[in-house]
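J.: Chains as they are written, first to last, in the working numbering: chain A, 109 to 414; chain B, 109 to 414; chain C, 109 to 414.
You may find that some hints are simply not true.
For chains that are exact copies, the list does not tell them apart, and a pair is met inside one copy or across any two.
With a cut-off of at most 30 Å between alpha-carbon atoms, the simulated DSS-like pairs for lysine-lysine come out as follows [what the hints assert, rightly or not]:
| id | residue 1 | residue 2 |
| --- | --- | --- |
| 1 | Lys114 | Lys138 |
| 2 | Lys114 | Lys360 |
| 3 | Lys199 | Lys259 |
| 4 | Lys363 | Lys146 |
| 5 | Lys147 | Lys312 |
| 6 | Lys304 | Lys146 |
| 7 | Lys147 | Lys199 |
| 8 | Lys147 | Lys114 |
| 9 | Lys114 | Lys394 |
| 10 | Lys363 | Lys224 |
| 11 | Lys203 | Lys138 |
| 12 | Lys312 | Lys199 |
| 13 | Lys199 | Lys394 |
| 14 | Lys394 | Lys259 |
| 15 | Lys138 | Lys305 |
| 16 | Lys259 | Lys224 |
| 17 | Lys414 | Lys146 |
| 18 | Lys114 | Lys146 |
| 19 | Lys203 | Lys312 |
| 20 | Lys360 | Lys138 |
| 21 | Lys414 | Lys363 |
| 22 | Lys147 | Lys414 |
| 23 | Lys146 | Lys224 |
| 24 | Lys138 | Lys414 |
| 25 | Lys304 | Lys147 |
| 26 | Lys203 | Lys394 |
| 27 | Lys360 | Lys414 |
| 28 | Lys287 | Lys147 |
Hints were generated in silico from the structure; no laboratory data involved.
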Amino acid sequence: MSWHRKHLLTLEDLTREEILHVLDTAESFKEVSTRSIKKVPALRGKVVANLFFEPSTRTRISFGLAAKRLSADTIDFVSAGSSTVKGETFKDTSKNIEAMGIDIAVLRHTAPGAPKMLSECIDARVVNAGDGPHEHPTQGLLDIFTIREEKGKVEGLNVLFVGDITHSRVARSNIWGLKKLGASVGVVGPATLIPKKIEELGVKVYYDLDEVIGEFDVINLLRIQLERQRQNLFPSIREYSRLFGINGERMKRAKPDVVIMHPGPINRGVEITPEVADGANSVILKQVTNGLAVRMAVLYLVSGIK
Amino acid sequence: MSWHRKHLLTLEDLTREEILHVLDTAESFKEVSTRSIKKVPALRGKVVANLFFEPSTRTRISFGLAAKRLSADTIDFVSAGSSTVKGETFKDTSKNIEAMGIDIAVLRHTAPGAPKMLSECIDARVVNAGDGPHEHPTQGLLDIFTIREEKGKVEGLNVLFVGDITHSRVARSNIWGLKKLGASVGVVGPATLIPKKIEELGVKVYYDLDEVIGEFDVINLLRIQLERQRQNLFPSIREYSRLFGINGERMKRAKPDVVIMHPGPINRGVEITPEVADGANSVILKQVTNGLAVRMAVLYLVSGIK
Amino acid sequence: MSWHRKHLLTLEDLTREEILHVLDTAESFKEVSTRSIKKVPALRGKVVANLFFEPSTRTRISFGLAAKRLSADTIDFVSAGSSTVKGETFKDTSKNIEAMGIDIAVLRHTAPGAPKMLSECIDARVVNAGDGPHEHPTQGLLDIFTIREEKGKVEGLNVLFVGDITHSRVARSNIWGLKKLGASVGVVGPATLIPKKIEELGVKVYYDLDEVIGEFDVINLLRIQLERQRQNLFPSIREYSRLFGINGERMKRAKPDVVIMHPGPINRGVEITPEVADGANSVILKQVTNGLAVRMAVLYLVSGIK
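Chain A with its partners taken away, still in its complex shape (with noise of 0.2 Å):
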């Protein structure tokens, strides 16, 4: 297939073979990485601007690398400032930076729909690297990218999120993603963290995770944001560690072959604990070194260089 889009602004607009190709592209891009001189020119002379609305370290390295490792020139916009969140400046801040000459805007925004906005006033193309509990279409990729590469495949796979589904768009874009490629995606949480119309996604939903944690190929635990507890959202980090923490114990209930992520950084002893993170079944650290690969693509994807 072509690629024909210019943004890559979510999952839930992606079709099935879009989301295809960019994992083919990847898996083409992650050979580079393996190579002594990790180079493409593929996107020489071209400018990615990181526009970061929210502070996201490892994203923006991530993204930083990868346009890097395409050859393109970088330049990082950082702002956590009260005045640059309200809708006008932060317009008016990006088309600044566009009328620079940047090629692809990769934005990252507490607001949800941000890049959709920007996409409507620039002409560079965008990425969204993260918009509020919306989306975050490159983690979902990479995501789903470590499953079928760990498992062979998507269709048929039985995966599981755990945790704060509410506010995280690491949940929805993976739901998107996975169930247009033909998984079955269940959600497990405190009731207070799950939101009321997540079924219709066509996702199951559970309560309690020692039950149900047998049935699952893949389990993705999402981080607990910590300042959520202060919202009363759950009881305690104590708590919640009992219930929904994966540790050696609750593992024997899991199949032995099992994949265990998290979108990182991982709470150790909260979401996970350390024999688990740095045990067989993590892949933690691949979804790591994938998200390298897959950003690579959707770089050089929404560039429309062929």
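Using the hints provided, position chains B and C relative to the given structure of chain A.
T.: Using the frame of chain A, we list chains B and C on its own:
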């Protein structure tokens, strides 16, 4: 002509011929920015250091991109800490960074004259990226470049600066440059924000914008620093906007082909309403684009490379 | 000789031959810095990550430039936040960044031994850029490189360190290196800032600078951390300066060709007066210049590329 200056410190220093030479060089670099591969090898292996002792994300990104487009390596030194504001430490910091082998130092500083002082104590080339209320020569050059591009000439044009003339390095650099190229310059603003001796630069002073707006070919709106209000230098934002802000109503009194400029970032609704900022007469984003070409030209010329 | 080490963690570890090999390699890289195009393709396609868990602008810029001059790509991870100071998170952060495909990690950390720990848990090469009061091997190497350059040899020289020996990783790395190359090393400073067992390293301890200053070929002035004063480790800045600061008067007691060094940034008027810092015996800026060549050599050697 050939260029002999090692530094770009002010537009006051430059001759008419030198200014025209920068503009012509910038024109050829502007063409580079329209290519698919927006890079030339002119400064390959050279190091451009952004030394920003006063924060300015946009100017720093613009110089950084200009350097990368010339294939230079770049380093960013950003310090807003009080300890480095003292002359002594500023000098030591700069000499240390120079000792690492930089070729061009781009300096932003709160102290007028800091770039000149730096040029006297280091061997690297120095470009002034704004020194307090003194000068901002690359902004002056990019404004003049944009005027020439829009109007086909500079000589004989009437150019008006609106707002806080006293604290504006942008106005000061523009005035030097525009006068040398044969334009007539006027300034208008609150009496508290117009310096007493400005007429000695050959500039006409006005206090009523509506009375004179129809006479000008170009109107350059200076950014209002909202903190000046606390110093009682003008009554209120609302009052400022009423008297000196450019809105659709006021535009009816201006020439139909008047060029509206602003060095950014704009305060929408204060110096300019959205309808004018985003309207047909506004060249605000073109100024940003031209800034890159002008900064490429300046870095290239001071480098001494032919 | 050929180089087999994957990491540069300490000078304590290195043999005399290895130290000389770094110095000789640095000499050939210093030549690169005098070329018009200051770049070699040695590390093209490699990624050097600056992991700075303690801020240090100068050292970070020096390593960054060294990497760029070798044509490597660079990423900067800077964190002074308390959450990442904990061993666990530091390890996770580093492993995550490694998973993005970095080749060399340059680590600055407040904890002694952090680089060694890192070298044991990641596959990338590790360079210690300062670990608490333990070692700062590239600073030691650049100081020794500068001594050899100035004096034509190291063996047989008398080298004195002045100031806060207890907290100085610079002194510690220098002492290991200088002793291995056959120099005699003395230390002088307030009794409260000289560690009790320092003589076990083969170092002579003095308390009166004026009495011994005439015996030394090289004097390396350590930076006084002004916050030590609050810990009552020395009486006052003025007293320190009177007893241990190098000024024109004290220089009269020194050898005429004594080499005055300082790792920077200097506190003018405390460890050294401007007349000495900027005088003919001072090699302070040469140290900075040599730092780049030494860091190029270290990055090149640990990379394992021939």
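J.: Hints numbered earlier in the text: which of these fail when held up against the supplied structure?
T.: 2, 4, 5, 6, 10, 12, 15, 16, 19, 20, 21, 25, 27 and 28
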